[in-house]
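Chain order of the listed sequences is C and W. What the first sequence shows, in the numbering used here, is residues 8 to 108, in sequence order. What the second sequence shows, in the numbering used here, is residues 442 to 593, in sequence order.
Bear in mind the hints are in silico, worked out from the structure with no lab data behind them. Hints should not be assumed to be uniformly reliable.
Dumping the calculated DMTMM-like pairs for lysine to aspartate or glutamate here, alpha-carbon to alpha-carbon at most 20 Å [what the hints assert, rightly or not]:
1) W:Lys581 x C:Asp57
2) W:Lys581 x C:Glu50
3) W:Lys581 x C:Asp25
4) C:Lys44 x C:Asp77
5) C:Lys44 x W:Asp553
6) W:Lys552 x C:Glu30
7) W:Lys552 x C:Glu34
8) W:Lys456 x W:Glu493
9) W:Lys581 x C:Glu30
10) C:Lys93 x C:Asp17
11) W:Lys552 x C:Glu92
12) W:Lys581 x C:Asp32
Just a sample of chain W residues kept apart from chain C, beta carbon distances all over 10 Å, derived [stated by the list, open to error]:
13) His448
14) Arg449
15) Tyr453
16) Phe477
17) Pro479
18) Arg481
19) His486
20) Ser490
21) Ser497
22) Asp498
23) Thr515
24) Glu523
25) Arg539
26) Ile570
27) Lys581
28) Ser584
The beta-carbon is built from N, C-alpha and C at its ideal position, and this holds for glycine as well.
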Amino acid sequence: MTRARTIDLDTMVERREDVVFSEVDGEIVAMSIQSGKYYGLQEIGSRIWDIIDDPISISKICEALMAEYDVTADQCNLDVLRFMEKLWNKDLIRLVDQKPA
Amino acid sequence: MLIKNLHRFSRYSFKDKSLLIEATVLLTIAKTAVTFLPFRWIAPHLGQSMAETPLSDHSGHNRIEDRISWAIQTMSRYLPWECKCLVQAVCGKLMLRRRRLISTLYLGVAKDENGSLSAHAWLRCGHRILTGDSGAEQFKIISSFGDQGFSK
Numbered sequence: 008m009t010r011a012r013t014i015d016l017d018t019m020v021e022r023r024e025d026v027v028f029s030e031v032d033g034e035i036v037a038m039s040i041q042s043g044k045y046y047g048l049q050e051i052g053s054r055i056w057d058i059i060d061d062p063i064s065i066s067k068i069c070e071a072l073m074a075e076y077d078v079t080a081d082q083c084n085l086d087v088l089r090f091m092e093k094l095w096n097k098d099l100i101r102l103v104d105q106k107p108a
Numbered sequence: 442m443l444i445k446n447l448h449r450f451s452r453y454s455f456k457d458k459s460l461l462i463e464a465t466v467l468l469t470i471a472k473t474a475v476t477f478l479p480f481r482w483i484a485p486h487l488g489q490s491m492a493e494t495p496l497s498d499h500s501g502h503n504r505i506e507d508r509i510s511w512a513i514q515t516m517s518r519y520l521p522w523e524c525k526c527l528v529q530a531v532c533g534k535l536m537l538r539r540r541r542l543i544s545t546l547y548l549g550v551a552k553d554e555n556g557s558l559s560a561h562a563w564l565r566c567g568h569r570i571l572t573g574d575s576g577a578e579q580f581k582i583i584s585s586f587g588d589q590g591f592s593k
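Please put together the full structure from these sequences, using the hints given.
Listed below in structure tokens is the structure:
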């Protein structure tokens, strides 16, 4: 389900409390209690999941990744925004100024 | 086939017949809930999220736990619809709760050699795994739902 609101680099995000996760073979697998669905986040996604253990803006996530990976700012911003949008649509994260659903 | 099964059923003790009937009813309820309800409606009824019950058994109850496990696994084979691991685990939890026994339902995930994810559910009561035992050790626990105990 896509939402009316769009997210941008200034958006603050955090993990939802009704999401459980565990590391499985080097990858974070997150399960939404909301939906009962589970997702493998793969390498970069798992790193992002680590980074967002406290509320953080998307631009800060990109900064952290650019320090660790060889990627341009534009590409990183685009990829991270796209990924965070997916996490949001799958009820794995909350946007920080949003009331709990 | 049906006649053979009915004949087999009639030869069980009264207690075992009751258990099989109870398992049938609760497997049906569990199957309906799991199939039609959003998981977030089911989760609160499974116990406290991320909690686990003690490993120790209540002595004297061991036999009923084993019989419950047997009844669920037996009826899962004979019912005309598929009773996958989560359905069996939920049924087990309901049957144990009727007897004021606490249990923990685990959800786990595993990755195969192709990187595909699969999930499994199993139910532990004390140190026994009553449902979903086969292969459970290959799955990494991602969530547990433990009963908080019953008021006396």
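Tested hints:
1. A distance of roughly 18 Å separates the Cα atoms of Lys581 of chain W and Asp57 of chain C; the hinted pair therefore holds under the 20 Å criterion.
2. Between the alpha carbons of Lys581 of chain W and Glu50 of chain C the distance comes to roughly 18 Å, so the proposed pair stays at or under 20 Å and holds.
3. A threshold of 20 Å between alpha carbons decides the hint, and for Lys581 of chain W with Asp25 of chain C the separation of about 19 Å falls inside it, so the pair holds.
4. For the hint pairing Lys44 of chain C with Asp77 of chain C, the CA-to-CA distance comes to about 32 Å; that exceeds 20 Å, so the pair is violated.
5. The hinted pair formed by Lys44 of chain C and Asp553 of chain W meets the criterion: a straight-line CA distance of about 18 Å does not exceed 20 Å.
6. Restraint check for Lys552 of chain W and Glu30 of chain C: satisfied, since their Cα atoms lie roughly 11 Å apart, inside the 20 Å limit.
7. Taking the CA atoms of Lys552 of chain W and Glu34 of chain C, the gap is near 10 Å; set against the 20 Å cutoff, the hint holds.
8. Between Lys456 of chain W and Glu493 of chain W the alpha-carbon distance is near 30 Å, which puts this suggested pair outside the 20 Å criterion.
9. Among the hinted pairs, Lys581 of chain W with Glu30 of chain C is consistent with the structure: their alpha-carbon atoms are about 8 Å apart, no more than 20 Å.
10. A distance of roughly 17 Å separates the Cα atoms of Lys93 of chain C and Asp17 of chain C; the hinted pair therefore holds under the 20 Å criterion.
11. Between Lys552 of chain W and Glu92 of chain C the CA atoms are separated by roughly 25 Å; this puts the pair beyond 20 Å, and the hint is violated.
12. Under the criterion of a C-alpha separation no larger than 20 Å, the hint pairing Lys581 of chain W with Asp32 of chain C is consistent with the structure, at around 9 Å.
13. The claim that His448 of chain W is not at the interface with chain C holds, since no C-beta of that chain comes within 10 Å of its own (minimum 40 Å).
14. Once the 10 Å rule is applied to beta carbons, Arg449 of chain W is consistent with being away from chain C; the minimum gap is 36 Å.
15. Non-interface call for Tyr453 of chain W relative to chain C: holds, since the shortest CB-CB distance, roughly 35 Å, exceeds 10 Å.
16. For Phe477 of chain W, the requirement that its beta carbon stay farther than 10 Å from each beta carbon of chain C is met, with the minimum near 12 Å.
17. Chain C draws Pro479 of chain W into its interface by the beta-carbon criterion, the shortest separation being 7 Å against a cut-off of 10 Å.
18. Against chain C, the non-interface label of Arg481 of chain W is violated: not every CB pair exceeds 10 Å, the least being about 5 Å.
19. Residue-level check passed: His486 of chain W sits 12 Å from the nearest beta carbon of chain C, beyond 10 Å.
20. For Ser490 of chain W, the condition that its CB be more than 10 Å from all CB atoms of chain C is violated, with the nearest at approximately 7 Å.
21. Its beta-carbon lying about 25 Å from the closest one in chain C, Ser497 of chain W satisfies the requirement of being farther than 10 Å from that chain.
22. No beta-carbon of chain C comes within 10 Å of the beta-carbon of Asp498 of chain W; the shortest separation is about 27 Å.
23. No beta-carbon of chain C is positioned within 10 Å of the beta-carbon of Thr515 of chain W; the least distance is around 27 Å.
24. At the 10 Å boundary, the C-beta of Glu523 of chain W stays outside the reach of chain C, the nearest C-beta of that chain being 17 Å off.
25. Arg539 of chain W, annotated as away from the interface, keeps every beta carbon of chain C farther than 10 Å; the closest lies near 25 Å.
26. Residue-level check passed: Ile570 of chain W sits 19 Å from the nearest beta carbon of chain C, beyond 10 Å.
27. The Cβ of Lys581 of chain W does not lie farther than 10 Å from every Cβ of chain C; its closest approach is about 5 Å, which violates its non-interface assignment.
28. Not every CB of chain C is more than 10 Å from the CB of Ser584 of chain W (nearest about 4 Å), against its label as outside the interface.
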